[in-house]
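Here is how the chains run, residue by residue.
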Amino acid sequence: MKTNYEKLKILLLDDSESTNLYHKALIQELIPKSEVACFESSKQAIAYLKGDSNKGEPPNPDVIFLDLQMPQNNGFHFLDHYSKLDAKMTKNFETLVVVVSDYLDYKNLTESKSYKFLGILLDFIRKPVQKEDLINLFDEHFKA
Amino acid sequence: MSTSKRNTEIKSIDSQLDEETLKQILPTYFEEIKNDANQLNLCCKAKQYEMGQELTHKMKGASKCFGFTQISRLLAKLQQACGNEEGNKVKRQLNQLSVEINKAAQLVEQQLGIKITI
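In order, the protein sequence lines correspond to chains A and B.
For the first sequence, the tail end lands on 181 under the numbering used here, and the numbers increase by one without skipping.
For the second sequence, the tail end lands on 611 under the numbering used here, and the numbers increase by one without skipping.
If we strip away everything but chain A, and leave its shape as in the complex, we get (with noise of 0.2 Å):
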């Protein structure tokens, strides 16, 4: 099973690193010339974003896959700083933020969907992640 793009640049933001390694290892086998990159806080996430780790060049992912329920800053602390990000930082809010949740309820989705008001381009896929809704996902956002 793979898609029919190249490349994607991706960033993965969850509190746990086995976690990001399996979402990191479903996408690879989907998409192998793919650049993952994997975070385990918000605060870290945003200084990527910021080219903080990259001479201040930032990388512009395409997608971003974000964990809501993190301890400390969670998915909407990232949200919050994320949507105060420069343009040239958040591709002029092209970037595809996907919400990966075990459980979305009324309240969580609720504030979520507040954020497109904010211009950031948001999906949602359910955790643990399966390569069907995967490809999904990405046909949906990227397929040509």
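These aren't lab readings, by the way, just hints derived from the structure by calculation.
Keep in mind that this is a model prediction, so the values were computed, not measured.
Worth double-checking, as some hints may not be accurate.
Stated by the list, open to error - No farther apart than 25 Å at their CA atoms in a straight line, the calculated lysine to any residue pairs in the SDA-like style are these:
#	chain 1	residue 1	chain 2	residue 2
1	B	K527	A	D139
2	A	K168	B	E512
3	B	K570	A	P108
Please build the complex by placing chain B on the supplied structure of chain A, with the hints as guidance.
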């Protein structure tokens, strides 16, 4: 073998990843869940149940990814017990969690031929 015993056993590793990838990633999973379980134990002893809920949520998500259903079910119960601040229940389930993690590690060692340190 009784039904209840059969239900607590892990029969096989149920993951979407191939064997080689699992061999690379599973040691990280076990290292992480071992550390989280130790931290969870400390949280519950200190009656920090909110932090306990966060930890169980994280551990449950990772366990589901690798198909350790029994562990993730137990963690769901633990998460609930932490939410209700039921100290005795949490203590019992933490002991059970340790048993299930060891069973899963043994299964991985048998099926994938890698050494897991718990």
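Worksheet item: Under the criterion that the straight-line Cα-Cα distance not exceed 25 Å, is the pair A:K168, B:E512 satisfied?
Response: 16 Å, holds
Worksheet entry | B:K527 paired with A:D139 [C-alpha distance capped at 25 Å] | 22 Å, holds
Discussion item. Can you confirm whether the C-alpha distance between B:K570 and A:P108 stays at or below 25 Å?
Written reply: 19 Å, holds
When each numbered hint is compared with the structure, no violation occurs for any of them.
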